[in-house]
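J.: Sequence lines, in order, name chains A and B.
Number 168 in this note's numbering belongs to position 167 of the first sequence; there are no gaps in the numbering.
Number 357 in this note's numbering belongs to position 53 of the second sequence; there are no gaps in the numbering.
Worth double-checking, as some hints may not be accurate.
Stated by the list, open to error - Residues from chain A that keep clear of chain B, each with C-beta distances beyond 12 Å, as calculated:
1. LYS145
2. PRO192
3. PHE194
4. ARG262
5. SER379
To be verified - Mimicking EDC-like on lysine to aspartate or glutamate, the simulated pairs with C-alpha atoms at most 16 Å apart in a straight line are:
6. B:LYS320 with A:ASP394
7. B:LYS319 with A:ASP159
8. A:LYS334 with B:GLU397
9. A:LYS334 with B:GLU424
10. A:LYS334 with B:GLU398
11. A:LYS184 with B:GLU357
12. B:LYS319 with A:GLU182
13. B:LYS320 with A:ASP159
14. B:LYS326 with A:GLU182
15. B:LYS324 with A:GLU182
16. A:LYS184 with B:GLU325
17. A:LYS346 with A:ASP394
18. B:LYS433 with A:GLU248
Think of the hints as simulated: they come from the structure by calculation, not from any bench.
Glycine included, C-beta positions come from ideal geometry on N, C-alpha and C.
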Amino acid sequence: MAEHILLRHRDIPDIHELDVYLSNGGFDALKLVVQKKTPQDVIDIVRESGLRGRGGAGFPAGVKWGFLPQGVFPRYVVANADESEPGTFKDREIMERNPFQFLEGVAICSYAAQAKLAYIYCRGEFWDLAHELESHIAELRKEKLLGRKLFGKDFSLDIRVHLGAGAYICGEETALLESMEGKLGQPRLRPPFPAAEGLYGQPTVVNNVETLTNVPPIINRGANWYNSIGTKESTGPKVFSLSGNVERPGNYELPLGTTFRKLIFEHGGGIPNGRSIKAILPAGASAPILPATKKVLDTGMDYESLRKIGSDLGSGSVIVVDDSVNIAWLAQKITSFFKHESCGKCTPCREGTYWMSRIFENLENGKATSEDIDLLDSVAQSIVGKCLCALGDFAAAQVVSDIARFRSDFDARAKDGK
Amino acid sequence: MLADKHKSEIKAILKKYPAKEKRSAVMPLLFLAQREYGHITPAALVEVAELLELDPTEVGSLIGFYTLLHDEAAGKYRIQICTDLPCALRGAEELAKRLCANLGIRLGGTMTNGLITVEEVMCLAGCDKAPTLQVQDADGIHYHENQTLGSAMELIAELMEKGSDG
Ligand SMILES: Cc1cc2nc3c(=O)[nH]c(=O)nc-3n(C[C@H](O)[C@H](O)[C@H](O)COP(=O)(O)O)c2cc1C
Ligand code: SF4
Ligand code: FES
Chain A
2 MAEHILLRHR DIPDIHELDV YLSNGGFDAL KLVVQKKTPQ DVIDIVRESG LRGRGGAGFP
62 AGVKWGFLPQ GVFPRYVVAN ADESEPGTFK DREIMERNPF QFLEGVAICS YAAQAKLAYI
122 YCRGEFWDLA HELESHIAEL RKEKLLGRKL FGKDFSLDIR VHLGAGAYIC GEETALLESM
182 EGKLGQPRLR PPFPAAEGLY GQPTVVNNVE TLTNVPPIIN RGANWYNSIG TKESTGPKVF
242 SLSGNVERPG NYELPLGTTF RKLIFEHGGG IPNGRSIKAI LPAGASAPIL PATKKVLDTG
302 MDYESLRKIG SDLGSGSVIV VDDSVNIAWL AQKITSFFKH ESCGKCTPCR EGTYWMSRIF
362 ENLENGKATS EDIDLLDSVA QSIVGKCLCA LGDFAAAQVV SDIARFRSDF DARAKDGK
Chain B
305 MLADKHKSEI KAILKKYPAK EKRSAVMPLL FLAQREYGHI TPAALVEVAE LLELDPTEVG
365 SLIGFYTLLH DEAAGKYRIQ ICTDLPCALR GAEELAKRLC ANLGIRLGGT MTNGLITVEE
425 VMCLAGCDKA PTLQVQDADG IHYHENQTLG SAMELIAELM EKGSDG
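Chain B with its partners taken away, still in its complex shape (with noise of 0.2 Å):
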């Protein structure tokens, strides 16, 4: 239960908001569930509704609407690449395409290992660094700009070796 386990960080993200407005803390918790869960579990998107006294059907078409929720399972590590047009421009879309042959899997895909994801994104405001990509996973989302395959290949190995040993 994350009620139990994160007992701190639930209080210290409901002190954010005023306290008639604890409503705001719903994506605060779901971001918190999604890190616990690795996605939002049906039994954790009842609990975030619970604690905020929210219709769990409401709570979950919020999940729907921000790219960044996610309510299926995929790889440990989502590497988001963005092909957004600056990025498209410096060659994005070819990294992309070239990265999932290498990997085996298609844009959109998980490795047989079920480490790796990768998905296309817009714009993550690092179009003069472009290729631009981040790594969404329990730790929470950090970027990674001036992609080539080779960087890009990389740091997936980095985070297989890592994504193995946890």
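With the rest of the complex left out, here is chain A (with noise of 0.2 Å):
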């Protein structure tokens, strides 16, 4: 893609300074829409450019702001900046260098949601970061761009930023609630979704930074412009997380439906040290591995492409793994990440992945057999599909992925293997 729509700055780098993203139709889209449309008018917008959630669920946010319930008020909207997945650094990148159009989107989703307060729930590590953000958004009060009664209009907003204080789960986002509710971070039963019961109690839209920087674009340009981009069902730019084995790792904005092997060779370099490719992590920690197969690295990177292959495009972050790697060695490491992640609600999370911990020490330190492995791979099987949020099933993906797809790395552990 020749124009970047959402890592402006990489064609205009001052695009960080209000001035300059002003200069450059920076809110055009927040005043078209605030004067001449209605919240219904945008959502339909959105809903038609089949927008899909960044944050790792896919679910299209035009429908998703169709579900708050008629006449319930206040409302909030939530951007979700807990950015914390393994091999994930999108959404900093797009908040550090062009902020303003992520926070225009926030506006804009705020606009169609009715609501009047809108936070940004930023990771704590993102300390500075965030300090940056709220000093942007002083100077949009101060513009007029945020506050009473905008453009004219009967919509006031103001935006805040709240910081995380380290917590991967905290990314769900009814722990994220619930941790800006001031409580431990971990999930609620669901329903009710936070469309209808979020922030303390309210209907509340919670969407990814990436997911809302694209809105103003889309309100700028089209739903039929936005949805020529990608492919028919996973439609417009989405920003790779190129780490890992990789020559060039980075930020890569990409139309949805590129291929991997475009990603990680011709943007990424491909492998250095004369290595060559041995897996891929699409999603981070969070989807199952791929075996680096010629039909692996030709298909295409969208929801659908990635789920008939049998793994995910979570968020888009791409974790290449050369062949110097043991896989049993990396499924311990994301193991040991679930088990220090897991917040300890459900027992088969919370014990499940102390479990496989164990027997991934005794793998390591010589003292696990091949049915040692098979016992990993039932304790695994056995956490799918009965835990309270997706982080247990991801721990359970990720290592039955492993031993199923790499079960010789395993073999080759074991005190009996071959």
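Dock chain to chain to rebuild the complex, using the hints, since each chain is given by itself in its own frame.
T.: Encoded structure:
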């Protein structure tokens, strides 16, 4: 893609300055919707664009906004800037380098949701970034782009930043809301979904930073322009975070449906140190591993194509693994991540990740047999489908796929192994 | 007392949330307490609980849950080095090990001068510039990316100089 729609700072380096953003069409979209469109019009445009949530689940944004119950106020918008999935660093670049497009997206979403108050939930580690966002918001208040009666209409909005304090699970939207309410970040039972009962029990839209950053260009250029990018069901551009054993790690904005091969070899420059590619984690720790076969490399990175080959697009964080890596080591690292991050609310997730870690330690120390590998697999299988949130399933699916697709790496570490 | 010393900051924090939802201010206030005292002391915990009309044990449970909140003293500067998978694929585990060996501490340990603690953390969203670390101190949290043993040692030397001045 020649032009960047989301990482616009790559074309216009100073776009993080408000006057530069404004002179490049900034806040035209917000002005247009506030003066000329109803909230329902905005929801319809976003629905027609096909925009799907970029935080992992891929749920259509316009459909979600349409779930807000009639006549219940106040409503809130919460931007999910928790970005803690291993290998994901796209929201950070957007907020650091193109912050006003994100903030304009938050404002348009708030207009559509008829919310007067929006929060940005930033992971605690984004301390400096959160303070920068606060000063950008102060500029917007000063320029009357936030505040009372915007553009002479009956729409008022303020945006505030809330800092988390270090917990991956707070990226899960209901845990995030609990955390914002000053409680332990533990997921809620759903339904009710946040659209019906979210922050402080009120209707709430929760969207990922990248999702919201797509909204201003959709308003400016229209749903048809947007859904001509990408594939039929996965529309628009996506920022892929590329990391691991690759020559040029970084964020790459490409249409959904771009192949792994193109991302890893053309944009990422291939595998360094004369190594070859062994496996791909398409969504950080949270989707099954894929062996880097020709078929996989030629698969398009979109929601449907990845499901077809037994994985998921998630938040589009592609971790490349070269042939020096033993997948049992990788599985152990990911399991200890999930063990550390489990909120402890459900027994299968809390205990399962603990037991899997124990077996991995034995495997690492040469104390495990191939039967223990089968046991590992059955512990993982026993977690699936028994948890309150998706974290337990992510942890299980990772181990199950690692064993199923790279069994020989595990056997090589077993004491009776070949 | 936080309430006297940081009156205006506390007021600004409380103002961010609807008046009847002031509980939302608990984490920002705990961060404030931690910046003031280095870690969240039992007295500070009670103080925060009182400000928000919460039960201190409930506030205490938050500290155990969130990794950036600490109820135990450690070095003035916490060097938190990411050894999560993407960074590990680019040598972060080795870096953490060698850094600790150089400083003569174990991972999680604090130097005898009381200035530097080195801890291992999960992904910091800086994997493209791995290895990545952050420094948590009274000023907040700052990132340092593309680290080598040399650059990390230099950073620590700077922090030690800064830390022994004040
Ligand atoms: C364990 C777990 C962690 C998550 N972490 C994040 C995150 O860091 N950022 C994010 O935007 N969504 C994350 N999500 C997804 C959110 O629950 C939610 O689907 C998303 O914020 C909705 O926004 P979207 O529709 O715009 O993607 C996570 C989900 C789970 C189950
Ligand atoms: S699945 Fe794990 S992280 Fe999710 S609610 Fe249950 S214990 Fe918590
Ligand atoms: S894995 Fe270290 S910053 Fe992401």
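J.: Taking the hints in turn, state whether each one holds.
T.: Here's how the hints hold up against the structure:
no. : hint                   : result
1   : LYS145                 : 20 Å, holds
2   : PRO192                 : 22 Å, holds
3   : PHE194                 : 20 Å, holds
4   : ARG262                 : 20 Å, holds
5   : SER379                 : 24 Å, holds
6   : B:LYS320 with A:ASP394 : 35 Å, violated
7   : B:LYS319 with A:ASP159 : 12 Å, holds
8   : A:LYS334 with B:GLU397 : 11 Å, holds
9   : A:LYS334 with B:GLU424 : 13 Å, holds
10  : A:LYS334 with B:GLU398 : 15 Å, holds
11  : A:LYS184 with B:GLU357 : 14 Å, holds
12  : B:LYS319 with A:GLU182 : 14 Å, holds
13  : B:LYS320 with A:ASP159 : 10 Å, holds
14  : B:LYS326 with A:GLU182 : 8 Å, holds
15  : B:LYS324 with A:GLU182 : 11 Å, holds
16  : A:LYS184 with B:GLU325 : 12 Å, holds
17  : A:LYS346 with A:ASP394 : 14 Å, holds
18  : B:LYS433 with A:GLU248 : 12 Å, holds
In this structure, the one hint that does not hold is number 6.
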